[in-house]
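Participant: Could you put the whole structure together from the sequences, leaning on the hints where they help?
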Amino acid sequence: MAGTAGSAGATGQLGAMQGGSERRPPTLSIIGCGKVGRTLGRLWHDSRAFSLLDILNRTAASAQEASAFIGAGSVAASYGSLRSADVYLVAAGDDQIAACCSALAAAGKLQPGSIVFHCSGALSSLELAAASDHGAAVASIHPIRSFAVPQQVAEHFTGTWCGCEGDAAALAVLGPAFSAIGAQLVDIRREQKTLYHAAAVFASNYQVTLIDVAQQAYVAAGIAPELALQLIAPLLSESAANAFRLGPAAALTGPIARGDMATVARQYQAVQEWRPQVAGLYQQFAALTADLALRKKNGKP
1 MAGTAGSAGA TGQLGAMQGG SERRPPTLSI IGCGKVGRTL GRLWHDSRAF SLLDILNRTA
61 ASAQEASAFI GAGSVAASYG SLRSADVYLV AAGDDQIAAC CSALAAAGKL QPGSIVFHCS
121 GALSSLELAA ASDHGAAVAS IHPIRSFAVP QQVAEHFTGT WCGCEGDAAA LAVLGPAFSA
181 IGAQLVDIRR EQKTLYHAAA VFASNYQVTL IDVAQQAYVA AGIAPELALQ LIAPLLSESA
241 ANAFRLGPAA ALTGPIARGD MATVARQYQA VQEWRPQVAG LYQQFAALTA DLALRKKNGK
301 P
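Letter by letter, the sequence shown follows residues 1 to 301 in the UniProt record's numbering.
Hints were generated in silico from the structure; no laboratory data involved.
One or more hints might be untrue.
Keeping only pairs whose Cα atoms sit at most 16 Å apart, straight-line, the calculated EDC-like set for lysine to aspartate or glutamate is [claimed, not checked]:
#1 Lys-35 x Glu-155
#2 Lys-35 x Glu-65
#3 Lys-297 x Asp-260
#4 Lys-35 x Asp-94
The model shown is predicted, which means the values in this text are computed figures rather than measured ones.
Facilitator: And the structure:
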């Protein structure tokens with residue numbers, strides 16, 4: 001793989017390590033190595049998809065903890081002390097990604113052929129503009145799952161879907177690295193990244209909120225909180241299983257699906273008397289559910 005005069009670094013090295021006789025994994029450094037960085041770092045170290053060089057966190061202590069969890073990586077004291085890596089993962093919080101990338105670029109660690117990526121679900125690879133300005137290839141790859149307990153995620157990561165977008169040169173290296181740890185990649189449009197992430201929020205965060213609202217309604221109706229969750233569990237799990245198996249429209253049941261709008265009106269009034277702000281939510285969901293019921297009636301998915 002012939003590189004240009006300005007890309008004799010990572011571009012040529014990546015070609016050699018992937019296609020040459022002296023195959024070696026690309027080198028990786030992680031900036032802001034929290035739960036996501038630690039989990040991915042450990043998986044890549046164990047699979048030898050990357051060779052971990054340095055970890056740069058706000059404190060040396062947290063970087064050392066990350067290194068211990070991963071089983072590799074040296075603690076870097078500053079951007080200037082980072083060794084030159086083929087790939088940099090900026091795993092800091094969303095509000096710090098652009099600043100971290102700018103600091104990395106200002107430290108002179110990037111060149112044509114370098115790769116910089118982040119794993120934010122809400123932000124696109126455009127957050128890494130400072131790296132692009134220095135000739136690096138950039139990408140965003142978002143694992144669609146919770147990283148609340150890194151140890152558990154590391155043990156059960158296989159099959160995780162990851163939304164990806166960015167420069168082809170970056171994805172050509174990152175795609176195989178994610179595949180090596182069992183990820184399934186799905187291409188997304190950079191300009192629709194925020195809507196893509198909103199879909200995940202509906203499916204995850206707001207589902208938890210709906211469970212909380214349902215529990216509160218049961219409690220207001222005289223059911224003990226612990227028992228309320230037991231009542232919700234089969235309704236939620238069976239409805240979700242049917243929606244995944246049959247599709248949302250075919251799986252829909254309940255008063256709106258039956259056309260029993262008198263029951264819906266009574267429920268709305270009861271919720272309005274209990275908690276007006278939740279009544280507004282009920283009304284909005286009723287309208288959307290009516291649309292879904294019409295699709296079911298017309299045999300549309």
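Participant: Run the distance test for Lys-35 versus Glu-65: straight-line Cα separation, threshold 16 Å.
Facilitator: holds (11 Å)
Participant: For the pair we were handed, Lys-35 and Glu-155, check the Cα-Cα distance against 16 Å.
Facilitator: With Cα atoms ~14 Å apart, Lys-35 and Glu-155 stay inside 16 Å; holds.
Participant: Would you check the hint for Lys-297 and Asp-260, treating anything up to 16 Å between C-alpha atoms as holding?
Facilitator: Answer holds: Lys-297 to Asp-260 is near 14 Å, not above 16 Å.
Participant: Between the alpha carbons of Lys-35 and Asp-94, is the straight-line distance 16 Å or under?
Facilitator: Holds: Lys-35 and Asp-94 sit about 14 Å apart, inside 16 Å.
Checked against the numbered hints above, the structure breaks none of them.
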